[in-house]
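Once you've looked at the hints, go ahead and assemble the two chains, each given alone in its own frame, into the complex.
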Amino acid sequence: EAQVTQNPRYLITVTGKKLTVTCSQNMNHEYMSWYRQDPGLGLRQIYYSMNVEVTDKGDVPEGYKVSRKEKRNFPLILESPSPNQTSLYFCASRPRTLAQETQYFGPGTRLLVL
Amino acid sequence: TQLLEQSPQFLSIQEGENLTVYCNSSSVFSSLQWYRQEPGEGPVLLVTVVTGGEVKKLKRLTFQFGDARKDSSLHITAAQPGDTGLYLCAGPLYGGSQGNLIFGKGTKLSVKP
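Chains as they are written, first to last, in the numbering used here: chain Y, -18 to 95; chain P, -16 to 96.
Don't take every hint at face value.
Claimed, not checked - Pairs of lysine to aspartate or glutamate residues, derived as EDC-like cross-links and limited to a Cα-Cα distance of at most 20 Å, are as follows:
no.: 1; chain 1: P; residue 1: 91; chain 2: Y; residue 2: 19
no.: 2; chain 1: P; residue 1: 88; chain 2: Y; residue 2: 19
no.: 3; chain 1: P; residue 1: 88; chain 2: Y; residue 2: 40
Hint data in this document are derived by calculation from the structure and do not stem from the laboratory.
Extracted from the complex, chain P is given alone in its bound form (with noise of 0.2 Å):
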C-alpha cells in the first residue's frame, strides 16, 4: 500500500499552461515536502508545509497543505519548459520518526514549447 499517492502519473503539457498535481494519503502527517527531480540527478527540494491549510508560493509554484494534513497540491502558473522533471511529496507520519520519509512515486511533468 503506497501511503502517499500522487496525481497525476504523467502530465504534458504546452508552455503557458496552468496545472495542479496532488498528494494524497489516508494517513496525517507531520509535515510534507515537494521536490523537483531532473534525470541522473538527485532530488531538489522546493519547499516544506507545515501547518494544516498552509500556502507557500515560490515565483509560479503555489503549495498547499491540506487542513487535516494529510493532502498537498502543488500549482503552476504558466508553465515553462524548465518546469519539466518528476515532482515528488514526502513527509514523515504524524506521530513517527522525523527522520523516517515517505515518498510519493512522483508525477512526470513535461512542458512543451
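Bound conformation, chain Y alone (with noise of 0.2 Å):
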C-alpha cells in the first residue's frame, strides 16, 4: 500500500530538548516535503526536497532542519524547540512532475512544547 509514515503521531516535550520527527515513503517519490499547520495560518511549507542530497527552504524553516541522505527518508529535526514550535506537522511525497494526481500527505504528528 502505497503511502507515508510519520513517527511519533503525538509527543509533548520540554523547551531546548532536541527531537526528530521521523517521514519515510515507499513510492519512490523524488520530492518530499514538511509542513506545519496552525489555527489561523493554514498550512505553511518549512522545508522540501527535490531529490536525495537536494534540500530547499519553504515558507517558515527558522528553527529547523532537515536531511535527505535517502530517497525514502526526510527526518525533521528541532534543535532547540521552543513553545512557538507547538503545532501539528504533515510529511509530503510526491513524483518529480506535479501534474501527475499522486501527492501523499502523511498522518500527522501533533507536538506540544513546554
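Below, the structure is given as C-alpha cells:
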C-alpha cells in the first residue's frame, strides 16, 4: 500500500530538548516536504527536497533542520524546540512532476513544546 | 500577505444544495491543486489543474482554473454529508520552484443531512 508514515504521531517535550520527527515513503518519490499547520495560519511549508542530498527552505524554516540522505526518508529535526513550534506537522511526498495527481500526505505529528 | 485567498472561510449548507468555493490570488501560479482534509488527518489531493481555463470533473465536483492562472474554483453539485471537510487550494508560483507550494487557509464546509 502506498503510504507516507510519520513517527511519532504525538509528542510532548520541553523547551531546548532536541527532537527528530521521522518521515518515510514507500513510493520511490523524488519530492518530499514538511509542513506545519496552525489555527488561523493554515498550512505553511517548512522545508522541501527535490531529490537525495537536495533540500531547500520553504516559507517558515527558522528553528528547523532536515536531511535527505536516502530517497525514502526525510527527517525533521528541531535542535532546540521552543513553545512557538507547538503545532501539527505533516510530511508529504510526490513524484517530480507536480501535474501527476499522486501527492500524499502523512497522518500528522502533533507536537507540544512546554 | 496571504498569496492565496480562499472564500468563504466557512460554509454550512443542507444536503442536496450546490456550492462554489473560490481560491484567488494577484499572482500567477504554474498550477493549482485542491485538497480535502478531515479532522486529525492529512490533506488528500483531489485534483491538479495546469492549463489556464482548464475544467476538470470528479463525479459531483467541478474544478476550474482561471484563464490567467491567478484563480480557481471548486463547485459541488448536490452536496452530501460525506463532502464535509476543509477544502484547501495550493500551488507553486509561476517562475518559482515547483517544490515550494503555497497553501490557502481553506474553506471549512459542513453539509447537514
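query: Going through the earlier hints one by one, which of them does the structure break, listed in rising order?
result: Every hint satisfied by this model.
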